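Asker: So the sequences go chain by chain: H and V.
Quick note: the first sequence, position 446, residue 445 per numbering that gives the first Met the number 0, numbers continuous.
Quick note: the second sequence, position 137, residue 136 per numbering that gives the first Met the number 0, numbers continuous.
Keep in mind that the hints were calculated from the coordinates and are not lab data.
Being a predicted model, the structure only gives us computed values, none of them experimental.
Where hints are given, some of them may not hold.
[As the list claims (entries may be wrong)] Label pairs and their in silico Cβ distance ranges:
1) H280/H / A442/V: 52 to 60 Å
2) K426/V / E165/H: 28 to 36 Å
3) A504/H / E481/V: 49 to 57 Å
4) E268/H / E107/V: 54 to 62 Å
5) D212/H / L214/V: 37 to 45 Å
[As the list claims (entries may be wrong)] Here chain V is said to cover these stretches of chain H; the calculated rule only asks that three of the stretch's residues, wherever they fall, bring their Cβ under 8 Å from a Cβ of chain V:
6) 266-272
7) 286-292
Cβ atoms here follow ideal geometry from the backbone N, Cα and C, with glycine treated the same way.
Number of protein chains: 2
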Amino acid sequence: MPQLRLLPRRAWAALLSQLLRPPCASSPGAVHCHSQVSEIEKVAKAVLTSQLKPHQDKPNFIIKTPKGTRDLSPQQIVVREKILDLVVSCFKRHGAKGLDTPAFELKEVLTEKYGEVSGLIYDLKDQGGELLSLRYDLTVPFARYLAMNKVKRMKRYHVGKVWRRESPTMVQGRYREFCQCDFDIAGQFDPMIPDAECLKIMCEILSGLQLGDFLIKVNDRRIMDGMFAVCGVPESKFRAVGSSIDKLDKMSWKDVRHEMVAKKGLAPEVADQIGDYVQCHGGVTLVEQMFQDPRLSQNKQALEGLEDLKLLFEYLTLFGISEKISFDLSLARGLDYYTGVIYEAILLQSPAQAGEEHLSVGSVAAGGRYDRLVGMFDPKGHSVPCVGLSIGVERIFSIVEQRMKVGLKTFLVRTTETQVFVATPQKNFLQERLKLIAELWDAGIKAEMLYKNNPKLLTQLHYCENMGIPLVVIIGEQELKEGVIKLRSVASREEVAIKRENLVAEVQKRLSKS
Amino acid sequence: MPQLRLLPRRAWAALLSQLLRPPCASSPGAVHCHSQVSEIEKVAKAVLTSQLKPHQDKPNFIIKTPKGTRDLSPQQIVVREKILDLVVSCFKRHGAKGLDTPAFELKEVLTEKYGEVSGLIYDLKDQGGELLSLRYDLTVPFARYLAMNKVKRMKRYHVGKVWRRESPTMVQGRYREFCQCDFDIAGQFDPMIPDAECLKIMCEILSGLQLGDFLIKVNDRRIMDGMFAVCGVPESKFRAVGSSIDKLDKMSWKDVRHEMVAKKGLAPEVADQIGDYVQCHGGVTLVEQMFQDPRLSQNKQALEGLEDLKLLFEYLTLFGISEKISFDLSLARGLDYYTGVIYEAILLQSPAQAGEEHLSVGSVAAGGRYDRLVGMFDPKGHSVPCVGLSIGVERIFSIVEQRMKVGLKTFLVRTTETQVFVATPQKNFLQERLKLIAELWDAGIKAEMLYKNNPKLLTQLHYCENMGIPLVVIIGEQELKEGVIKLRSVASREEVAIKRENLVAEVQKRLSKS
Chain H
0 MPQLRLLPRR
10 AWAALLSQLL
20 RPPCASSPGA
30 VHCHSQVSEI
40 EKVAKAVLTS
50 QLKPHQDKPN
60 FIIKTPKGTR
70 DLSPQQIVVR
80 EKILDLVVSC
90 FKRHGAKGLD
100 TPAFELKEVL
110 TEKYGEVSGL
120 IYDLKDQGGE
130 LLSLRYDLTV
140 PFARYLAMNK
150 VKRMKRYHVG
160 KVWRRESPTM
170 VQGRYREFCQ
180 CDFDIAGQFD
190 PMIPDAECLK
200 IMCEILSGLQ
210 LGDFLIKVND
220 RRIMDGMFAV
230 CGVPESKFRA
240 VGSSIDKLDK
250 MSWKDVRHEM
260 VAKKGLAPEV
270 ADQIGDYVQC
280 HGGVTLVEQM
290 FQDPRLSQNK
300 QALEGLEDLK
310 LLFEYLTLFG
320 ISEKISFDLS
330 LARGLDYYTG
340 VIYEAILLQS
350 PAQAGEEHLS
360 VGSVAAGGRY
370 DRLVGMFDPK
380 GHSVPCVGLS
390 IGVERIFSIV
400 EQRMKVGLKT
410 FLVRTTETQV
420 FVATPQKNFL
430 QERLKLIAEL
440 WDAGIKAEML
450 YKNNPKLLTQ
460 LHYCENMGIP
470 LVVIIGEQEL
480 KEGVIKLRSV
490 ASREEVAIKR
500 ENLVAEVQKR
510 LSKS
Chain V
0 MPQLRLLPRR
10 AWAALLSQLL
20 RPPCASSPGA
30 VHCHSQVSEI
40 EKVAKAVLTS
50 QLKPHQDKPN
60 FIIKTPKGTR
70 DLSPQQIVVR
80 EKILDLVVSC
90 FKRHGAKGLD
100 TPAFELKEVL
110 TEKYGEVSGL
120 IYDLKDQGGE
130 LLSLRYDLTV
140 PFARYLAMNK
150 VKRMKRYHVG
160 KVWRRESPTM
170 VQGRYREFCQ
180 CDFDIAGQFD
190 PMIPDAECLK
200 IMCEILSGLQ
210 LGDFLIKVND
220 RRIMDGMFAV
230 CGVPESKFRA
240 VGSSIDKLDK
250 MSWKDVRHEM
260 VAKKGLAPEV
270 ADQIGDYVQC
280 HGGVTLVEQM
290 FQDPRLSQNK
300 QALEGLEDLK
310 LLFEYLTLFG
320 ISEKISFDLS
330 LARGLDYYTG
340 VIYEAILLQS
350 PAQAGEEHLS
360 VGSVAAGGRY
370 DRLVGMFDPK
380 GHSVPCVGLS
390 IGVERIFSIV
400 EQRMKVGLKT
410 FLVRTTETQV
420 FVATPQKNFL
430 QERLKLIAEL
440 WDAGIKAEML
450 YKNNPKLLTQ
460 LHYCENMGIP
470 LVVIIGEQEL
480 KEGVIKLRSV
490 ASREEVAIKR
500 ENLVAEVQKR
510 LSKS
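Make a model of the complete structure from these sequences and hints.
Answerer: This is the structure in structure tokens:
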């Protein structure tokens with residue numbers, strides 16, 4: 000396509016950003032997918048058209064969604080609904096209340112909460128009035144809600160979109176608009192009981208979604224800070240060095256070490272001492288081992304963290320999930336606000352699976368304790384201790400869509416729930432069809448018909464097959480004369496005549512059987 | 000409160016905007032509502048605190064949500080979930096697929112779609128990259144989706160937030176962030192069949208919500224334009240005069256006439272002729288009557304509109320809803336993009352009710368045909384005809400919350416769904432409680448316990464009563480010794496001992512009965 004070389008820079012940028020998107024998940028079954036047309040083809044065509052006709056009055060810009068965002072197709076919506084249903088049921092099973100907060104907050108509410116990543120916050124334009132920013136997560140708005148309403152105790156869930164101006168690493172499935180599913184417990188309680196419940200919830204959800212085997216890494220900010228202290232990191236660099244450690248799942252130790260030394264100004268021997276610690280991971284025995292560590296055991300903070308982890312493992316054993324949990328000294332978590340236990344769940348793919356899918360998904364759930372965030376909003380600094388978790392549903396959506404695409408888990412996705420189709424083999428039967436379908440709707444039955452005065456019977460039956468509608472109600476001259484209706488099963492193609500007045504009852508009977 | 004006079008202007012503005020908010024809907028029943036504390040008291044306290052301690056390090060700004068926005072409390076979430084469930088089930092009953100679009104669009108996508116109200120669009124700050132705006136409705140993003148993906152036919156629903164910088168008329172329940180529920184049918188079909196279905200859906204939803212009697216006003220943009228033409232309005236002023244007419248539900252004819260003459264530059268005698276028409280409303284007989292109107296019947300556009308309305312009424316009669324529909328020549332609808340039939344549903348309050356509630360809610364659902372919007376996004380101007388509706392769920396939420404508050408419809412709102420509470424009368428039973436509750440969770444039973452090592456039994460039982468939890472599972476020394484569990488009904492206070500190993504089965508049996 001040599002013409003494309005002539006495109007203006009802006010058009011190229013748009014084209015590239017379209018090409019970088021993961022393609023829409025297509026259903027392997029009978030459902031027609033509008034998005035199956037190659038993205039490349041479509042965008043190239045749009046770009047060329049707008050090139051060739053620069054003086055056309057109709058839009059002189061490329062029709063696309065903003066960079067890093069996308070529409071969700073009906074197929075994607077169906078997958079999402081199922082996953083979110085499972086997640087929200089689990090949150091409700093654990094007694095959580097729903098809460099919703101605005102999409103944007105006062106800019107000041109978000110300031111100094113996120114550390115290094117604050118530059119990724121979307122600001123709104125100053126159109127006169129308050130300075131506003133789109134929310135970056137659901138945790139800070141929750142803390143703001145607690146402080147503003149002086150709520151001292153609350154268990155809530157929140158499913159909502161958040162926005163982050165990430166650089167275009169969208170190949171890895173990162174979007175600038177994405178959905179978060181959060182569960183948090185706020186209040187002063189006895190140690191580690193709510194924390195253990197958060198880990199139980201993560202296990203229930205990840206097991207329930209049947210994504211394969213998983214592992215939850217656990218650490219504690221106090222252990223990490225204690226480790227930094229005994230290794231000789233100056234306190235002012237704790238968070239910066241933590242941010243480097245946080246990259247260990249994406250970068251090698253060598254690169255992380257280089258960043259700590261070259262960019263964060265750490266002495267090489269300090270970095271090496273950290274390097275020894277962050278290799279450690281294991282179960283409750285590693286906790287015991289760290290109690291014996293000659294240096295860590297001298298650090299008050301680290302000891303507190305280890306005491307709590309020991310108690311946590313005790314509760315996790317009672318919950319029957321301790322074998323899913325790994326104490327991992329390399330776990331850092333990026334966000335500034337954590338103060339105690341932190342955790343992150345990852346999927347463990349068998350080598351065969353990994354080879355087949357080539358899908359790197361990173362963590363699928365994470366969270367931790369943040370005891371001082373609410374206090375940052377209280378005029379007197381009074382705080383409410385909190386612990387919570389966030390399910391990485393976007394990554395889970397990607398995995399499920401990917402599996403559907405490669406056919407590892409084949410199932411037909413119906414994008415509608417229509418149960419009955421109202422058809423006619425004859426002309427001039429629109430009125431009868433309208434009366435029939437209204438009767439079905441009024442009885443709560445999900446029904447469709449074609450919006451044509453005189454559709455062909457074959458077209459109508461094809462529609463049912465394509466859309467997976469199980470039952471057809473047919474009315475024609477003969478049926479009208481005899482006061483009956485034909486009921487047709489789409490799968491078996493069997494037809495049976497029933498009395499017109501029994502329509503709803505007969506349809507309901509058949510639907511309850513299937 | 001004379002101190003308040005000393006507040007800085009900004010603090011005053013924040014206080015006022017808080018005072019103008021409708022108070023949170025409180026439940027009349029047993030549920031504890033955090034928001035019951037007077038808003039005034041809270042804000043005044045916050046303002047004063049920040050006044051008195053200006054040099055405190057903790058936040059030097061007032062903690063609030065942005066102007067015109069609010070958090071939704073658990074009580075409000077429960078009400079919303081119920082209403083949205085009913086709305087979405089109806090959309091699915093009519094065969095709609097789900098779709099989601101990003102919260103923001105390229106600024107250019109929204110430009111020149113909304114007419115006079117375009118100034119209310121929220122823009123994002125230019126942080127380098129594309130110029131973006133928050134979506135103003137769900138219709139324009141839908142049209143953009145259709146054009147971008149070359150979709151020629153689609154029936155979709157979309158529930159999502161939209162943002163409008165409305166002036167602070169929040170006393171009337173208008174917010175700058177609100178939820179829309181849209182259903183649209185795109186595609187080339189035989190006339191008025193999808194249009195009639197849209198009106199049927201509005202009737203089903205409004206009846207289903209049991210909001211009281213309602214009426215749907217119907218008009219057609221072509222009839223309105225024809226009316227303007229025969230009255231002598233210059234074509235360039237059609238949309239501007241339409242915007243004035245649109246205010247007839249909030250302003251008197253006298254004021255609207257004044258606006259048309261003084262602000263829109265209409266000749267007084269032209270305005271008076273319009274005045275004669277816009278008084279007309281009635282059923283299908285008014286349609287017939289307008290066919291006979293010596294002037295309207297000379298206008299090609301108006302005739303087309305009347306033909307369609309006649310057909311529409313025929314279909315509405317077959318659907319059994321024609322008595323809910325009123326042809327109303329004063330109905331204009333504010334948005335620019337409509338091209339054919341338009342409609343708007345209003346609630347009809349009995350004088351007694353109106354007197355009791357003093358709640359002016361305006362329209363609760365609206366929509367119409369927009370055949371040229373998709374074409375505005377197509378490089379060649381090819382369009383896809385569309386018709387749709389939007390349910391004014393925010394107003395419906397307000398009405399239901401208002402009714403709950405004044406006790407017209409008393410029902411207890413549980414904000415959690417917890418079925419079983421795990422309690423103990425003794426100290427040192429945390430481990431047993433943890434084992435029990437994990438067993439319940441793993442069986443899919445919604446269960447809670449207190450996060451205390453040694454809670455008092457009375458505290459635990461009170462919690463169940465306050466939260467409306469129906470069943471308590473009690474374990475103590477004696478139960479442990481005998482291998483049993485006590486099951487207690489919170490309502491009857493009856494207790495029965497069951498075998499430990501039958502716990503899940505017995506609980507499920509009791510829950511299925513209630």
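Asker: Taking the hints in turn, state whether each one holds.
Answerer: Checked hints:
The given range of 52 to 60 Å is broken by H280/H and A442/V, whose C-beta atoms sit roughly 32 Å from each other. With their beta carbons about 51 Å apart, K426/V and E165/H fall outside the hinted range of 28 to 36 Å. A hinted range of 49 to 57 Å for the beta carbons of A504/H and E481/V is consistent with their spacing of about 52 Å. The supplied range of 54 to 62 Å is met by E268/H and E107/V, whose beta-carbon atoms lie about 56 Å from each other.
Look at D212/H against L214/V: about 59 Å separates their beta carbons, and that is not inside 37 to 45 Å. Interface restraint, the stretch 266-272 of chain H with chain V: violated (0 residues with C-beta to C-beta distance below 8 Å; minimum three). Counting residues of the stretch 286-292 of chain H whose beta carbon lies closer than 8 Å to any beta carbon of chain V gives 0, which falls below the threshold of three, so the coverage claim is violated.
In summary, the structure is inconsistent with hints 1, 2, 5, 6 and 7 from the numbered list given earlier, while agreeing with the others.
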